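Line order of the protein sequences matches chains A and B. Take the first sequence: its position 213, counted from the start at 1, is 213 in the numbering used here, and no numbers get skipped. Take the second sequence: its position 49, counted from the start at 1, is 49 in the numbering used here, and no numbers get skipped.
Hints are computed from structural coordinates only; laboratory data are not their basis. Owing to the predicted nature of the structure, the values given are computational and were not obtained by experimental measurement. One or more hints might be untrue.
[What the hints assert, rightly or not] Within a straight-line C-alpha distance of at most 25 angstroms, the following computed DMTMM-like cross-link-like pairs (lysine to aspartate or glutamate) qualify:
#	chain 1	residue 1	chain 2	residue 2
1	A	K161	B	D132
2	A	K162	A	E150
3	B	K51	B	E62
4	B	K65	A	D147
5	B	K51	A	D145
6	B	K83	A	D145
7	B	K141	B	D183
8	A	K162	B	E54
9	B	K64	A	E150
10	A	K149	B	E54
11	B	K83	A	E150
12	A	K162	B	D183
13	A	K149	B	E62
14	A	K149	B	D183
15	B	K156	B	E138
16	A	K245	B	E86
17	B	K83	A	E246
18	A	K161	B	E92
19	B	K59	B	D26
20	B	K64	B	D132
21	A	K161	B	E112
22	B	K14	A	D145
23	B	K15	A	E150
24	B	K83	A	D147
25	B	K141	A	E150
26	B	K141	B	E112
27	B	K15	A	D147
28	A	K162	B	E86
29	B	K59	A	E150
[Unchecked claim] Which residues of chain A face chain B? A few of them, derived with a C-beta cut under 10 angstroms, are:
#	residue
30	R10
31	D145
32	D147
33	L148
34	P169
35	S170
Glycine included, each C-beta is placed from N, C-alpha and C at the ideal position.
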Amino acid sequence: MKQMKEILRRALIGAFWIGIWWAIALAVGLPKLLPGPGETALAFARLCGTDTFWRSVGFTLLRVAMGYLLAVAVGVLLAVGCHWVKGVDALLSPLRTVIRATPVSSFILLVWLWLKRAHVPVFISFLMVLPIIWTATQEALGAVDGDLKEMARMYRFSRWKKLRYLYAPSVRPAFMAACMTGLGFAWKSGIAAEVIALTPDSVGKHLSDAKNYLEYPDLFAWTLTVILLSMALEAGLKALARRRKEAGK
Amino acid sequence: MIILNRVSAGYPEKKVLENLSLTLPDTGAVALMAPSGYGKTTLLRVLAGLKAPETGEIKGLENKKISFLFQEDRLLPWLTAEKNVELVSNAEQAKYWLNQMEIPNGTQLPREMSGGMQRRAALARAMAFGGDVLLLDEPFKGLDEALRERIAGRIKNVFPLTVLSVHDLQEAELMGAAVLRLDVLGER
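So here's chain B without its partners, still in its complex pose (with noise of 0.2 angstroms):
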């Protein structure tokens, strides 16, 4: 189990998660979601690492391989899609990855890309590094309906967590994911 105990953390100008507990369990997937500001993205951030808690601790990641798939595509601009995923795999992982996220041309660069795409390449990269802990910050964004569904099919369920931030209840269900309401959870 992932244990948060009275987690704080945020920016210099606005702290966003104020003494903030919550258990994670080791496997299955979680929805975070609440209204922007409540720190969705600052809680994966958290759980990934990138960021230190000011206060509280952060129980039962240590020694867990952890995959992020950022709020922005952050792909290298200057290499292609299959480039850009095979650089954190292998060519097979990248190839697999990029076919099942729709996108059997893997050797545009992003900028030829439309946003759609770019998201898609960004997931294939998040799901070919593989781990424990798979982090998605708003990972259907940009997709329409029809491709959501085909994309959180194929991308549930491969790693034992998956940790989502999503908009609608919608998007939890596509991913039979466990909501949690950060706007009902630590104190602001």
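Just chain A, same shape as in the assembly (with noise of 0.2 angstroms):
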């Protein structure tokens, strides 16, 4: 009962700000720019019928994902050694910091000229997720325990149990954090990259192509694909998040 009331609530919601957009787009009375529900639903039913749909979809994600998840081993090793060792954070956090304070739109057109277009969006997704994950982690690896870490130290753990026992209990929740933002950035950041760098089959280079030839409802139905892969990414890591916690439970 309570989750219908939930389901309810938020159909409601949804249907309130699709009203907006409809009336808006009603007062607006021109449709091929600024389309409302009904056309972008139907172009997007459209797009779904096609083979480039789904391979510029396939594409995108593969781009993102694997940009993503190198950020992810390469941040967290990156926490790693500057945690334990001093002189590679004093070495290495400058660098973070011209990443962080970096507009990703100068990283986008730097990389074009050094990358081939399919790459750009990988190594975009790549340079704004590491130094997300990379601060998170270290952060929470400072932040461990130093009582317990004593009592480790006392009780004569080894590295491994160390690490099993201490170390990543304490540090999940922050990195399962950061790894949930860092999602959302690696997604907005990799399709920006399809658009500048214009990347064969790609959702970005599809959403440049509609707005090129004026297809708004095409630009809203490939702005509407990325809404929902992006909820759908966002929903299966907190699924995995989840099934995670309370296998370790």
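Two chains, two frames, some hints: make the complex.
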């Protein structure tokens, strides 16, 4: 009953915003420039029936996932290195500051000259997620309870035991939160990179084409695709985290 | 014998132990007694090797395995009592010592246990770890009198040497320990 109420509540909120969108589109009266929910749904349905759509979605997902997973792995390694070796931290922290401060568009335009078009979104997703994972994991490692570390030393925990039973559970909440935040960043920056680099077989390229040819219903439909995929990825990661948490209990 | 020779230790803002000299036997039980702030915990930490003395020397602890019940329970909050004890020993020892500490159901997480139960689980871990010297910092904290008696009867004479900090003579008597008053030793 409670779950039904929640579903109904969400559906009503969704309907409210779709209603606002519909009203604005109706008031403007230019469905080619500002398509309403109906035109967008039709364009979306049409796109779903084409091979191009699924190939583009598949390759975009693959590129973003590659950049994201690489960033998670490298971010954890850098966090561990910086936590245990202060010299590494001093050496690499300016790099992290630069990555965080530089606008994503600057990076896209820079690497566009050096990398293949298909590789630009991978690299950009990697670059945007890296400092998020790196910082969160390093901070969480620094915040591991000193009393518990001392206990582990006293009871002669092996390195593996320390990692498995002390560090991993201590770091996990901050790490998972960073993974969740990073996923959104990877997705948005990866698609932005595809738009600018005009990566073949990509959602970004289709967004760019739709804008250039003033196919606004298609533009809205591709944007809807991006939103739906982002929501699905986030829900997937949340479910994975929940399962991990339950398995750890 | 364990010999402490003019040992000083403490914190930047306060030196707690100053030129403390004492000798501990290889076997038996010694209870450290003193009002708060006289360095019972600091001395136990020095003996455990967790705190290096600023001056002085300690002899007789080389190559000895030391088990330490901290002043705080320091159980891993994401593991059950059983798993916490198992981590420092094995499943059989864990079960045995949890039973001795009257925790038959070791499947609870620390947050699901009362303060007294958490203390006993931490004590079970220290006992299961084994070794030559057992250091206990306020082992009976949070336990009622009847439980103190039962627990003391089960943990005394298990390790060759037990050094514990206590608040009253009765706790020392329960452990059959010789009393060492820190407030009349050393220079303050």
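Okay, the hints, checked on the actual structure:
1. Using a Cα cut-off of 25 angstroms, the hinted pair K161/A and D132/B holds, with the two alpha carbons roughly 23 angstroms apart.
2. In summary, the hint linking K162/A to E150/A is supported, as the alpha carbons are separated by about 11 angstroms, within the 25 angstroms threshold.
3. Simply put, K51/B and E62/B have alpha-carbon atoms about 15 angstroms apart, close enough for the 25 angstroms limit, and the pair holds.
4. The hinted pair formed by K65/B and D147/A meets the criterion: a straight-line CA distance of about 20 angstroms does not exceed 25 angstroms.
5. Of the pairs offered as hints, the one joining K51/B and D145/A holds, with about 18 angstroms between alpha carbons and a cut-off of 25 angstroms not exceeded.
6. The hinted pair formed by K83/B and D145/A meets the criterion: a straight-line CA distance of about 19 angstroms does not exceed 25 angstroms.
7. A C-alpha spacing of about 21 angstroms is found between K141/B and D183/B, which places the hinted pair at or below 25 angstroms, so the restraint holds.
8. Only pairs whose Cα atoms come within 25 angstroms are accepted, and K162/A paired with E54/B is rejected, the gap being roughly 29 angstroms.
9. Under the criterion of a C-alpha separation no larger than 25 angstroms, the hint pairing K64/B with E150/A is consistent with the structure, at around 18 angstroms.
10. Among the hinted pairs, K149/A with E54/B is consistent with the structure: their alpha-carbon atoms are about 22 angstroms apart, no more than 25 angstroms.
11. Distance hint between K83/B and E150/A is fulfilled; the C-alpha atoms sit about 18 angstroms from each other, no more than 25 angstroms.
12. With a C-alpha separation of about 38 angstroms, the suggested pair K162/A and D183/B falls outside the 25 angstroms cut-off, and the hint is violated.
13. Straight-line distance between C-alpha atoms of K149/A and E62/B comes to about 22 angstroms, which keeps the hinted pair within the 25 angstroms bound.
14. Between K149/A and D183/B the alpha-carbon distance is near 31 angstroms, which puts this suggested pair outside the 25 angstroms criterion.
15. For the given pair, K156/B sits about 14 angstroms from E138/B by alpha-carbon distance, which is consistent with the 25 angstroms threshold.
16. About 21 angstroms separates the Cα atoms of K245/A and E86/B, which keeps this hinted pair within 25 angstroms; it holds.
17. Restraint check for K83/B and E246/A: the C-alpha separation of about 17 angstroms stays at or below 25 angstroms, so the hint holds.
18. Under the criterion of a C-alpha separation no larger than 25 angstroms, the hint pairing K161/A with E92/B is consistent with the structure, at around 19 angstroms.
19. Taking the CA atoms of K59/B and D26/B, the gap is near 12 angstroms; set against the 25 angstroms cutoff, the hint holds.
20. For the suggested pair K64/B and D132/B, the alpha carbons sit about 6 angstroms apart, so the restraint of at most 25 angstroms is met.
21. Straight-line distance between C-alpha atoms of K161/A and E112/B comes to about 24 angstroms, which keeps the hinted pair within the 25 angstroms bound.
22. Between K14/B and D145/A, the direct Cα distance comes to roughly 24 angstroms. Compliance with the 25 angstroms bound is thereby established for this hinted pair.
23. A distance of roughly 21 angstroms separates the Cα atoms of K15/B and E150/A; the hinted pair therefore holds under the 25 angstroms criterion.
24. The suggested pairing of K83/B with D147/A holds, with an alpha-carbon distance near 18 angstroms, which does not exceed 25 angstroms.
25. For the suggested pair K141/B and E150/A, the alpha carbons sit about 21 angstroms apart, so the restraint of at most 25 angstroms is met.
26. The hinted pair formed by K141/B and E112/B meets the criterion: a straight-line CA distance of about 18 angstroms does not exceed 25 angstroms.
27. With a C-alpha separation of about 21 angstroms, the suggested pairing of K15/B with D147/A holds against the 25 angstroms cut-off.
28. At most 25 angstroms may separate the alpha-carbon atoms for a hinted pair to count; K162/A and E86/B meet this at roughly 14 angstroms.
29. Distance restraint check for K59/B and E150/A: the Cα-Cα separation of roughly 23 angstroms lies within the 25 angstroms cut-off, and the hinted pair is therefore satisfied.
30. At a threshold of 10 angstroms, the smallest CB-CB gap from R10/A to chain B is about 33 angstroms, leaving the interface hint violated.
31. Evaluation of the D145/A hint against chain B yields a held restraint, the C-beta minimum of about 8 angstroms falling below 10 angstroms.
32. Annotation: D147/A was flagged as interfacial toward chain B, and the flag holds, the nearest CB pair being 5 angstroms apart, inside 10 angstroms.
33. Because the beta carbon of L148/A sits about 6 angstroms from the nearest beta carbon in chain B, less than 10 angstroms, this interface hint is met.
34. Hint status for P169/A: holds, given a least beta-carbon distance of 5 angstroms to chain B, under 10 angstroms.
35. Taken as an interface hint, S170/A checks out: its beta carbon lies about 9 angstroms from the nearest beta carbon of chain B, inside 10 angstroms.
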